[in-house]
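Peer 1: Chain by chain, the residues:
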Amino acid sequence: MHPYLPVLIVLAVALVIGLVMSFLSAFFGPKVPSAVKQEVFECGVPELGSRERMSVRFYLTAILFILFDIETVFLYLWARTFKSLGWFGIVEIFVFVAILVAGYVYVLKRKALEWE
Amino acid sequence: MIWMVLAFPLLGALLNGFLLPRRSKFLSHGVAVAAVGSAFLCACSVFLDFFAARRPQLHFGFEWLRAGKFVAPFELAVDQLSGLMILIITGIGTLIHIYAGGYMKEEETTYRFFAYLNLFIFMMLLLVLGNNLLVMFVGWEGVGLCSYLLIGYWFQEEANAKAGMKAFLVNRIGDIGFLIGIFLTFRHFGTVSFTELSSWINLMTTLPDPYPKAIFWITLSFFIGACGKSAQLPLYVWLPDAMAGPTPVSALIHAATMVTAGIFMMTRMSFFYYAAPDTMLIVAFVGAFTALFAATIALVQTDIKKVLAYSTVSQLGYMVLACGVGAFDAGVFHLLTHACFKALLFLGAGSVIFAMHHEQDMRRMGGLRKHLPITHAVMLIGVLAIIGVPGFSGFFSKDEILWKAFIFPTYGPILWGVGFLAAGCTAFYMVRLLCLTFYGPSYQDPHAHHHHHEPHETPWYMWAPLVILAFLSVAVGYLGVPDFLAHLVGGRNLFASYLEGLVYIPTSARSAWTHLHAEHAHSLEWGLMLTSVAWVTLAAGTAVFCYVNRPVRGIAGFLGAHFPRVHQLLLDKYRVDECYQQKIVTPLAEISTFLWQLFDVRILNGCVNWVGYLLMGTSGIASFRMTGSLHRYGFWVLAGTVGILVFSCF
Amino acid sequence: MIELGFFYLFAVIALGAALGVILLKNPVAAAMLLVVTLCALAAEYVLLGAEFSAAIQVLVYAGAIVILFTFVIMLLNLGQEEVGQLMGVSKWALLFSLLTGAAIILIQRLSVGRLPEAALSTLGSDNVYEVGMALFTRYLWPFELASLLILLAVIASIVIAKKPTLPARDA
Amino acid sequence: MELPVLDETAVQIIATVVKFLVVLVAVLHIPPVMIWVERRAPALMQRRRGPNRVGFFRWRLWGLLQTLADAVKLIFKEESVPGSAYRGFFHLAPLIGLIPTLLFVSSIPFGPGIEIGGWKISLSVIELDIGALFILAVTGIGVYGVTLAGWASNGKFSLLGSLRASAQMISYEIPLGLSLIPLVLIYGSLNLQQLIYAQSVVWKWGIFLSPISFFIFLICMFAETNRAPFDLSEGESELVAGFHTEYGSAKFALFFLSEYVAMFALSCLCSVLFFGGWQIPFVSHALLVSLLGVNLAALVGVATLLLKAAFFMWLYVWVRWTLPRFRYDQLMNLGWKFLLPLGLANICVTALVLAVMGA
Amino acid sequence: MSSIIPIEHSLILAFLLFFIGAAGVLIRRNLITVLMSIELMLNSANLLFVAASRQVGNVDGQVMMSFVVVIAACEAAIGLAMVIAIFRRYGNIKTEFLRALRG
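Chains as they are written, first to last, in the working numbering: chain E, 131 to 246; chain C, 22 to 671; chain P, 2 to 172; chain Y, 2 to 360; chain B, -17 to 85.
There could be a bad hint or two in this list.
[Stated by the list, open to error] With a straight-line Cα cutoff of 20 Å, these simulated DMTMM-like cross-link-like pairs (lysine to aspartate or glutamate) come out:
id	chain 1	residue 1	chain 2	residue 2
1	E	Lys161	Y	Glu79
2	E	Lys213	P	Asp127
3	E	Lys239	Y	Asp71
4	P	Lys163	B	Glu57
5	E	Lys241	Y	Asp330
In short, the hints are calculated from the structure, not lab data.
Bound conformation, chain E alone (with noise of 0.2 Å):
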């Protein structure tokens, strides 16, 4: 059996009881819409809906994330190889990780990452 076909059955399995378990309502609640029912709930006060734009930092974050998402990747092939290259290996990576980090560091920096 290949070795990931269980997670294709699991995908399929789980899949198949997530939508009858979001259904259930569905089946088995009253509807009874109603224009107010339908609101998006904004504690009351009138709805405004979603607008407004959001911070950029949310952008700075997730170009962060890519960066070191990357780096751990390749941390992980290394460190799955790290027992035949010994030191060589050892000189390469913290290269790798010093650039990496100076990318850090300037966004540390330029304060990307200050939240108010």
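Could you slot chains C, P, Y and B onto chain E? The hints should help.
Peer 2: Frame of chain E; chains C, P, Y and B shown alone:
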């Protein structure tokens, strides 16, 4: 090891220029001194290696340039000449670096100063170590650049910036000579390497015409280069102005090392010069007259650094004279002694200026002996050395030159006479400088805002280099005691025998230079020597008589009273600068303006504009597809890809 | 054969989702379908024996890059109405059919006796280890350069995104 | 029991489905039990009673059936969708949140293999050589559930809550990933089952060989599940209920379910990585097998793992009622400016120590 | 893992993906969708790398694929930063506003 000699100063320059924090003066000074000091130690090791082997060593770096037949490797050579030069450059350089830390203490941007200074050392080493003309030329231009940067170190003042510019431009004229020399050399010999050139010259003895006309032009071109760098007539004008730079710079660059590059270069190519007797005569006369010319100007100057600057020009004239009469070893020996005592004099003058809070006018000094005892003592030694008092180094080197000039077969006595007069002037103005500065009553300007500061001796790290230099100013003379004196105690001229094998006369040219090794009556040598000693003593005595303990009148007052026009002429430095301005600079500027108006504005711009108008008028026809829409562009790119794909299917 | 069936299944999912990415008006929907495409491709990588590629595809591509897209869409709060319509589609049909035909013919012609036989036996079972060894020995310099590239990208994007630009000139 | 008609593949497929269904049924029981614990525990701490009425006729069972009643009630509630919502994603978001957590919990090795009728069956639903990377990948996908839920609701509290929650989750994914690397360095494998086998004796447990990793992992466990003290995304005082403000009835229950499943999965993972998984301390598995046989020993293993996981589940509750909530800037600073450098330093030090010891 | 998927299948799939991506770049006016379409094109290249790696029998293709992922990450980061900058400047992100190349 030889690469380390080059690497340390460069590293120091890079560290000071780019990497180190710039606030700490102590750090930048320390790094600079450490860089040059390490280079000096390495140079000593290189020199000892060479000295033990007694054989020139070539160090191949990498192939630098290759264009057709033209090959220029980056190659260094250590031989008698460059080995000696690297010792002078790094040794005296170290002392001056140490001194400069004190002198530049009140500056804000010392890192810049030391970065330039280290860079200069690097470039100078490159100049002397290069084994071909191109590497030497890199160093040649490099030292010019550093000199420019350092003269204009206080560039906030316009005069300094202009002085730097002047030095740079005047040197350009010499550099053009140098470049033409390189071109001619390559054209006629197909190589620019010194070792190969020297073997070429030896081979040429077999040719029917041993002296091709080209050698005259080649040597003349190189001599123009030497005139620029070594401040000879008529290109000397930049050197006095170069005193605008800080005094350690004057000591290092404009006295001890860079200005001697011309003499170094001619010695390096002595085999060429020996083969061109016509050039040699020109060289000898230019040298002799420069020596006298500058010495007479120095008689009346009042700025302490200007006196020393003209003195440098004059001494360089002696060295060039030595080269011109074929006594390259005497020239190099004078180079060595001059490097020691002139560096000493400049640094001493620097100490005086430092103690006087940047007062340079000698008429406002006087009586400093009791305030600056150490400086006084070393300056005294320096003056005795330069005027050629027996027992001091200048005596041996200058007399050797005069002697070699005297025995020169063509116009020898005339050359000797000019040099002899210059020696007297030298003695006079140097003693005058000493008297005005250190003896007599004080003439400090009472209105100066810092009058409540008594002049005081400099800190130890400023006078210690002076003491070392003073010792050297005496000691190095004994390396080159002339044979007839040395024989008295059973020795010989150590320096000449050291240089043997480097300076040699090509076989074909031997006949023209027989006098150099001919036997002469010792009585003649003794006679000339005693004459010059007497002459120097007379001149020095007159100066002492005129200036010690007297109001500042002396010869200036005497000349001013009886020969006002002569005095004015000397004060105006023979109006050379004005003449250049009127006869060369102004017409050049006018011609340039005319050409600019005619060619650039009318013809060139006209053509370009016309083409532009034409294109602007017609481009609309072709640009209707350029909608600026990326989609459209992308579409056509993709369509092209599809076309290629479809095409490649069949 | 089962593998081939799954290959077709995921190929269809990937292509369908990709079509959705370029045709749907709602950018968030497009981003989600992009995730589907990426995951389907990851499945294809697994079928091709490239476990590590599949992992990096899901982890970095689907998990990080598309998150960035989503964040920006939400940041700019692009609703459906702000999305422009498609440009002219008719020539695309032509181009598409031409290109498909050309490519299929080309691939067929290329593959007749020209492609090397699949050399499965040389690929070991420990995929992560092998990729790691290749990356850290033969691809040492590209690897270090990649880190520099990321560094530059981070700096550039922060400079571009953080600095307020000039007010609109003609919009 | 002989099943001669089945070949290996078929058996494994059936076994996978059965194992997953068992896991699914098990995790479906987690929220009710946990909610009961979460209401009884503070009551215990605060010396009050908590829910204790709802029972089965006269057996009250300490109120255990209260949450069951809650669940049933949720299912029978009306499902209300805001008019301005993006309907498709509104319905899909809880599923997108749930499925990755189910994949996550399926990849936990609950015990050593069992043997039924001669077929060897492992006790993890999904067993991959790149297990650790797989878990990181599905965690990454899980972020979309939160993001989509908030965006699809199209309300400002929901959107802000979801952006905050997803930013928080991605921020803590990095230290989470970094904290596992020292273990990979030490044990040399990404396969979870092999990691457990590598921790065969107590002093080789992850917590002893890499305590800093455990520290980072523990903090990330709380942050990844948006639990107290990191439950900023649903700070009632400012954001009402965060990304699931607009959700009700069964879909709300699904969010609940996925949160608790994630907690459970992370607790199990923590036990697997740092506490020897299903192994009983000081008792070797071989001994257990010789005493009880393979299958019984495996069941003991499962029980051991669940016990260890239960401790961390209890820790979740305990911390929630002990620590106050962080501020958002403190949360992000903790993740980016403390845990990230700490994780990197931890990796570097571990690698250097290993290299020195190896050389 | 044992059965062979002929490389032609991967080639055709990669080609179709690339075309869909290219079409997306060309027909969409929304910059973000354009960027996503570029990701599709990059992915088709990735698929080719992985398929070729299997065909040739070494992992070089997979290594290249991971570099492509790095490049895609950088491209997305900078591209989206530019989207933000453009949005600030023009107030929307339709591509027809970007006509600086108009002749």
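Peer 1: All hints are to be evaluated individually against the structure, with a verdict given for each.
Peer 2: Quick rundown of the hints versus the structure:
no., hint, result
1, E:Lys161 <-> Y:Glu79, "holds, 6 Å"
2, E:Lys213 <-> P:Asp127, "holds, 15 Å"
3, E:Lys239 <-> Y:Asp71, "violated, 50 Å"
4, P:Lys163 <-> B:Glu57, "holds, 17 Å"
5, E:Lys241 <-> Y:Asp330, "holds, 12 Å"
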